[in-house]
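Q: So you can see what is in the structure, the chains are spelled out below.
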Amino acid sequence: MNGLLATLEPLLFIFISPLLAGWIKWIKCRLQNRRPPSLLQPYRDLAKLFRKTPVVASHASWIFEATPYILFASMLLAVAIIPSIAVHLPTASIADVIALVGFLALGRFFLILAGLDIGTAFGGMGSSREATIATLAEPAMLMGVFTLAMSANTTNLAIAIDYVLDSGLVLRPSFVFALAGMVMVAIAETGRVPIDNPATHLELTMIHEAMILEYSGRHLALIEWAGQIRLMLFGVLIANLFFPWGIAETLTPDALTKGLAAMLAKLMELGMLLATAEMMLAKMRIFRVQDYLGFAYLLSLLGMLSHVILEVG
Amino acid sequence: MNDLIHHPLEEQAILFIAALVIFSSFLMLAQKRLASLVNVFAWQGLLLALATALSAHTQQSPHLYFSAGLNLTLKAMLIPWMLSRLIVKLDMHREIEILLYPSITLTAAASLVLFSYYVVLPIEHLSTLATRNAIAVSLGVILLGMLLMVTRRQAIAHVVGFMAIENGLFFAAVSATSGMPMVVEMGIAFDVLVAAIIFGVFFFHISSSIDSLDVDRLNRLSENES
Amino acid sequence: MIALYVLICIPLAGMVLQARLGDSRAAGSWNVRINALSFVAALWLAIEISNQGPTSTHGGEFRVDAFNVYLVLLTAFIGLTTSIFSAPYMENERVHGRVTAKRLRLYHSMYQGFMLAMYLVLTTNNMGFLWVAMEGATLATVLLVSLYRTPESIEAAWKYFILCGVGIAQALFGTVLLYFAAGQTGDPATASLQWSVLFAHAHALNPQVMSLAFVFLLVGYGTKIGLVPLHNWLPDAHSEGPTPMSAILSGLLLNDALYAVVRCKMLVDGSTGTQMAGYLMMGFGLLSFLVAALFLHRQKDIKRLYSYSSIEHMGIMTFAFGLGGPLATFAALMHMTVHSLTKSAIFVTVGHAAQVAKTQQLEHIRGLIKTQPAIGWGLLIGTMAIAGFPPFGVFTSEFLVLTATMQQYPWLTPLLLLGIVIAFSGLFHHIQPVVYGAVPDGQMPVEANLWPVAAHLLLVLWMGLAIPGVLSHWFEQATQTIAGSLPL
Amino acid sequence: MSLFFSYLSILLALTSGLLAILGEYGGFRLPTGKVDLAPGQDQNGTIHRFLLRSIHELSHQQGVFALLLLSGIGAVIGGATALLTNQIARDILPLGLPWMHWHVRLDALSGFFLIIIGIGIIPVSLYGPGYIRQYRQDRYPLWLLGLCTGLFVAGMELVLLADDAFFFMIAWELMSVSSYFLVAFQHEHARNRRAAFLYLLMAVVGAIAIILAFGVLASFSHGFDFDGFRDNPLTPFWATSAFLLALVGFGMKAGLVPGHAWLPEAHPVAPSHISALMSGVMLKIAIYGLMRFSFDLLGNIQWQWGVVVLAVGTSSAVLGILYAFQQNHVKTLLAYSSIENMGIIAMGLGLAMIFTGAGRAELGVIGLLAALYHCLNHSIFKNLLFLAAGSVIHQSHESDLDHLGGLIHRMPKTAFIMLMGCVAISALPPLNGFVSEWLTFQAALQATSLESGVLRSMIPMAAAALAFTGALAAATFIKLFGIGFLGLPRSQHAAHTREVAHLGMLSGPGLLVGLCLLFGLLPTFVIQALEPVTALLLGATLPSASAQGGLWLTPGTQSVASYSAPFVAIGLLLAWWVTQAFTKRVSPDEPKRGPAWDCGFGGLNAKMQYTSTAFSQPVRRIFSPVWDLQESHEGASAFSLTHRPVRHHLEVGDQSWRLLYHPIGNLTAEAARRVARLQGGSIRVYITYSFATLLLLLGIASL
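Chains as they are written, first to last, in numbering that gives the first Met the number 0: chain A, 0 to 312; chain B, 0 to 225; chain C, 0 to 487; chain D, 0 to 702.
It is possible that some hints are incorrect.
Said to hold, decoys possible - Cβ pair distances, simulated, as ranges: (1) D/628 - A/57: 13 to 23 Å; (2) B/94 - C/18: 31 to 41 Å; (3) D/576 - A/14: 10 to 20 Å; (4) D/84 - A/14: 47 to 57 Å; (5) D/647 - A/57: 26 to 36 Å; (6) C/12 - B/192: 40 to 50 Å; (7) C/95 - D/314: 31 to 41 Å; (8) A/7 - D/0: 50 to 60 Å.
Because the hints were derived from the structure by calculation, they are not lab data.
Glycine included, every Cβ here is placed at the ideal spot set by N, Cα and C.
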């Protein structure tokens with residue numbers, strides 16, 4: 000039973016993820032007074048890409064072809080270990096939040112390599128920038144995570160969520176700071192405005208896109224999909240870590256449905272927030288990124304300090 | 000009690016000679032011309048021999064007569080003779096060396112003698128010999144010899160200074176301990192002789208390498224440059 | 000004790016012999032033979048001593064105990080190996096016309112004369128005679144320094160002669176004072192210059208006289224040791240003379256001067272019962288060590304470089320003897336041995352290196368390892384050994400000195416270590432480009448016999464790994480007599 | 000038993016060195032100065048001799064490395080027995096001073112590091128024979144290489160066995176000196192000579208600091224044997240000073256900032272298999288020294304030490320990787336990354352010290368385990384990377400990343416090995432690098448249970464720095480692999496490179512790849528095996544090293560944190576398989592091959608690629624004050640219509656030179672210059688010296 004759930008949940012997760020992307024686009028268009036594409040548009044795009052025959056540069060190495068699979072697989076694994084609908088799934092204790100960061104890093108590692116594989120200027124540029132941003136984003140994210148981990152005294156997501164649930168709604172300054180920091184990092188990591196603009200294809204602005212310019216067909220599909228999963232993953236992570244309420248603590252059917260509903264609701268809210276934020280903001284220069292991420296790091300650090308100073312004493 | 004009156008005449012004579020010896024050291028410091036420097040040195044040797052002979056008489060230690068003779072032949076005759084021959088050979092006999100601040104030198108010399116007296120004073124009273132007061136003098140002679148070497152630029156003057164130091168040593172041996180054991184005396188005398196010969200050899204080498212005996216021009220080997 | 004007389008007579012005879020046929024082709028090998036003989040005699044003596052302990056003879060004029068017997072052996076050994084090196088070296092000099100027949104005679108006979116003086120210095124029991132022999136050593140070597148008759152060599156010889164003469168004169172005054180003190184003890188038995196007698200009645204000697212005497216003796220013999228600021232003659236004399244002579248000067252003369260100072264220190268300590276002598280030696284040692292270490296950085300001449308390193312090491316030994324504890328004394332004794340072995344080995348290689356490059360200028364000697372590997376490696380490994388790298392013996396002794404200092408005067412150890420680092424960097428900074436790198440043109444291998452180097456370095460290595468039993472026994476006995484107790 | 004094997008291994012190492020010499024000079028012929036006549040006269044004679052010589056060498060060189068291999072195996076066995084049986088073997092060698100023989104002691108800690116040495120030697124000795132062929136062609140003195148390698152290995156093993164300060168120092172210096180000769184092996188390049196000199200100089204300084212530290216201990220106990228040190232506790236002040244001295248000494252050897260300057264100079268210029276040994280093994284010996292000294296000999300740890308070590312470690316990690324990222328020379332990059340990894344190990348140690356000092360030894364265990372584990376891991380993958388880099392340089396004769404590229408097509412096997420190394424050192428799951436970094440994080444997160452709030456807030460910041468380091472390390476090795484092996488070849492050499500021919504040059508590193516996987520997948524067994532070590536050093540072990548069998552790695556309790564490497568690996572494979580299956584189902588057809596799209600520009604050539612310098616430019620710009628940058632453009636004029644070549648020149652210098660080393664050097668030179676005035680050349684001045692000395696002493700004496 001548990002095992003079944005443990006396999007079903009990630010599958011469900013990855014199949015919902017394009018929907019989130021679609022939802023954000025939809026909101027954005029609404030806010031910009033444009034006619035939105037249908038919510039299912041991302042699915043259509045993926046399907047189309049999957050149908051097409053991929054074209055691979057003649058001098059590409061095996062890394063180029065393997066990368067999409069590695070990326071997707073690592074994302075899948077990441078999904079498997081974060082509690083999305085239910086807290087306690089057997090997969091949750093396989094690895095903790097540090098391992099989660101590790102999985103994301105693994106995927107990124109190969110993606111960046113793939114960007115260098117063909118040897119185009121764009122690929123190199125994208126890879127270099129992606130590497131830089133990742134370098135800056137990771138410590139900020141871990142700092143935020145550590146704030147939670149230290150107050151919950153665990154790096155296991157499930158246990159941490161339990162802890163938050165048990166202690167009920169406590170107004171922790173540390174959590175507020177950490178939340179803010181995490182959100183900023185999430186925006187950076189998922190390549191949204193103001194760090195990167197998934198919609199653009201201008202050489203000077205793009206980061207993530209530049210790496211995957213050479214991909215096509217199912218390879219591109221897998222990468223796009225992985226991106227959507229990553230977006231949702233961060234959403235769920237933030238949602239469940241900071242507002243875990245509604246998540247299924249027992250594995251009874253109704254609890255699970257409630258959990259699913261709760262998750263969807265939270266994601267919709269987050270999506271709305273993200274879309275409005277992207278409406279407001281403009282993409283920033285690449286050499287502003289360090290200030291942005293530095294600020295995120297500072298927030299998480301503040302969270303840590305306030306936890307140490309104010310909460311434990 | 001330590002007054003001169005109470006000493007027999009010979010001892011008075013010895014102490015008088017001691018005074019002359021130190022005076023001769025002062026003279027050396029003051030000499031401008033090498034030839035006269037060597038002469039004074041010869042006189043000092045003579046005085047020493049005399050003093051030795053006298054103390055040999057007073058202390059009934061016959062072997063001192065021998066060392067007196069040794070000193071007479073070496074320091075008063077042989078070495079001065081060699082030196083003056085050299086001076087003539089290298090015709091420097093009418094060369095005059097300008098002494099830097101002779102007055103300062105002499106004051107320094109005086110204070111050196113004072114210093115040596117101050118150093119030796121605490122140990123003088125140990126001696127049972129009458130000549131003990133001469134120890135300070137001998138030390139003074141040694142120091143003045145070094146001073147001579149420091150102030151002079153002529154190689155020959157250095158040799159004279161060196162030999163003057165030897166004189167002082169000899170005098171110390173005589174006045175403090177009524178001479179060293181015979182074998183040592185012999186050895187010392189031998190060394191001095193050989194040293195003198197080697198000095199002679201060197202003068203020619205030096206004067207052939209830098210056509211003068213001015214030691215200040217022996218400064219090739221120096222770390223200071225660059 | 001016949002061995003002793005034999006030991007003294009052989010070089011005496013050799014001196015006369017070489018004065019006659021020192022310019023013949025065979026002179027070099029004769030030199031080797033004579034030294035081999037005296038080495039055998041020294042061995043004989045050593046065996047006798049190790050069998051029957053300290054012995055004195057000829058009415059106590061000669062005395063051999065653990066302290067000087069190993070030095071005698073060392074002297075004979077280094078004299079032998081250096082003569083082995085000297086034979087081809089001087090032959091080469093003769094071929095290149097740098098020395099005439101007359102000077103070769105002088106060289107060979109004075110070589111023996113110097114050895115004779117060394118044996119006398121070590122074995123005599125009479126402080127006055129020790130002085131005579133020491134002066135004799137100077138006289139024997141001074142003409143060798145100016146053997147090449149270059150202006151530099153003459154200048155060096157002159158400085159050597161004058162400075163050592165003045166210094167040694169002061170030592171004589173010290174000896175006179177010693178005799179004076181001996182005369183004033185009251186009982187006529189002590190009224191002599193025999194070290195053993197004086198040592199036996201040291202407590203009776205008047206402290207004030209003795210401390211004055213020690214000042215003169217230290218300044219006098221210290222000039223020969225090359226203690227800063229009395230050292231100025233040393234680099235000149237070492238760098239200008241023929242290399243075999245530099246080897247024996249560094250390896251033997253300095254040691255024996257130090258030996259004399261230590262003998263005097265024993266007397267003074269016995270009389271004054273204060274640390275005065277020790278403090279003076281420590282001060283001089285440390286000063287020499289640090290100053291010489293700094294000097295190493297500015298050398299342009301390879302032989303000067305190593306003569307400064309000799310000063311540095313003599314400084315260490317003087318410091319260690321000044322410390323005076325059993326550990327330090329043992330270390331100093333050992334350091335005397337390993338330093339002379341290593342340093343003479345280095346001078347052998349340096350001599351050949353200078354012949355290979357036809358110059359002593361450091362910046363013109365390059366790529367020795369490529370030109371003539373044996374010489375290059377010998378120089379490099381020798382330098383490593385002298386710089387105090389294990390497993391060579393120098394490291395052991397320096398380690399002991401350090402720990403002894405740590406136990407007695409901890410605040411001095413940083414100075415020592417600083418000095419060691421400075422000295423090392425100075426040496427290697429100069430030597431590395433000499434041995435490594437590409438070969439400059441015109442640098443040709445020369446005929447060389449590197450057995451001495453190998454033998455010395457192997458010995459030093461052996462002493463670093465494990466001190467031979469009899470040697471350590473002697474060291475311990477000597478420590479016993481000098482410091483009054485055994486190390487640990 | 001364990002001792003027997005370690006002796007055996009040492010002897011084998013020495014014999015291999017000896018064999019190397021004998022092979023050169025057949026029989027014991029001492030080199031008398033006679034050099035064989037210069038090549039040129041009687042050509043065929045020399046040629047003939049040369050041929051004979053090379054055949055002869057070939058065979059005996061293999062013998063040399065075979066002995067080395069055996070020695071490595073012996074070391075592993077000896078170490079393993081010592082570690083697993085957890086018995087302390089003692090012995091006394093009749094060497095050294097009459098009253099101070101060499102004490103030998105082999106316990107769990109030395110056993111563990113002995114294993115590291117063994118693991119380091121085995122692949123190197125497989126790799127060596129193929130690698131040194133180039134040297135035989137250039138007529139380098141192989142006997143020297145063999146001899147010094149043997150001595151080097153023996154020295155390292157002796158350091159582990161040493162149980163008294165004297166013996167320890169001898170072994171330590173033996174290690175330094177022999178490796179010095181190895182660094183100076185190709186001494187005709189001025190750069191190598193400089194590196195060797197710097198290396199030896201800093202080794203001496205470090206050794207002296209260590210001697211001083213031992214001296215402090217020795218002045219409290221009587222004698223030099225470690226047991227005496229253990230039994231005589233020091234006063235806090237002296238303990239702290241001893242510890243600081245030891246930290247300086249061992250830290251310099253371990254390449255911790257700011258004592259690291261020699262490392263990026265020395266490691267790249269040594270022959271690659273030697274760099275592998277130096278970087279992979281020797282640095283660990285320094286860490287061993289620090290552990291032995293502080294935990295074992297000093298005993299009662301104070302948490303302030305931990306803070307110092309943590310600070311040093313953090314700065315080394317961050318600076319090391321920042322510098323590594325900017326390097327274009329493959330081996331220099333690896334060397335700097337060694338500094339980073341040493342920093343990480345030091346962080347683990349620091350945490351262990353802080354917890355132990357604060358009385359929470361059971362938490363300190365985690366830090367110590369992290370450090371030990373990272374020692375093992377780094378020794379494996381750094382060894383691997385250096386060997387692989389060696390193959391690249393050996394085959395392509397290029398060591399600058401900007402002249403490489405596209406090697407994955409030319410030398411696929413080496414490329415795969417290198418890739419695995421990069422993944423492992425970037426601390427990516429499921430390889431071994433991740434485990435030790437994870438443990439370090441876990442150790443850091445235990446800070447909550449400390450009383451002092453300052454530590455509680457400081458340690459997580461260190462952890463964040465570690466995260467930064469990890470990310471940057473990933474970027475660095477992406478650069479190494481992506482620029483060096485992917486893309487198009489940037490030079491003729493790179494274009495004509497071939498895969499290594501010699502099997503050993505693949506099997507050696509290949510073995511290490513296997514180990515990376517093994518220690519990545521089964522960490523719990525390593526942790527359990529390490530229990531004796533932690534028990535020895537801290538007197539505590541992990542409460543529940545492995546819940547639910549060996550599958551879960553849980554420092555503290557299951558609820559605190561858990562990581563199950565096997566499941567992660569399985570999960571990864573599963574996910575991979577699912578993805579594959581899914582895509583195969585929806586789009587079965589094979590991908591088409593075609594020219595690169597490149598946004599339709601076309602005409603793609605190697606010059607268009609991002610260079611290594613360009614790749615690291617953003618980071619360089621963001622953290623510019625960290626480096627001593629000299630950047631210049633030639634002929635760069637904006638918007639000039641005429642097409643002119645533009646040259647961009649960049650020097651990335653190490654700040655430590657400007658701030659620390661050059662000032663010291665100048666100080667010494669100045670002092671020497673002043674002292675030299677003593678030797679002015681005028682004899683009268685000299686006499687004045689002795690005159691003045693005499694008067695002074697007389698004055699003193701007659702006071």
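Q: Now tell me if each hint is right for this structure.
A: Going through the hints against the structure:
1. D/628 - A/57: 13 to 23 Å: Violated, at about 38 Å.
2. B/94 - C/18: 31 to 41 Å: Given a distance of about 37 Å, which is inside 31 to 41 Å, the answer is holds.
3. D/576 - A/14: 10 to 20 Å: holds, 18 Å
4. D/84 - A/14: 47 to 57 Å: holds, 55 Å
5. D/647 - A/57: 26 to 36 Å: Holds: the Cβ-Cβ distance is about 30 Å, inside 26 to 36 Å.
6. C/12 - B/192: 40 to 50 Å: violated, 23 Å
7. C/95 - D/314: 31 to 41 Å: violated, 60 Å
8. A/7 - D/0: 50 to 60 Å: holds, 55 Å
Checked against the numbered hints above, the structure breaks hints 1, 6, 7 and satisfies the rest.
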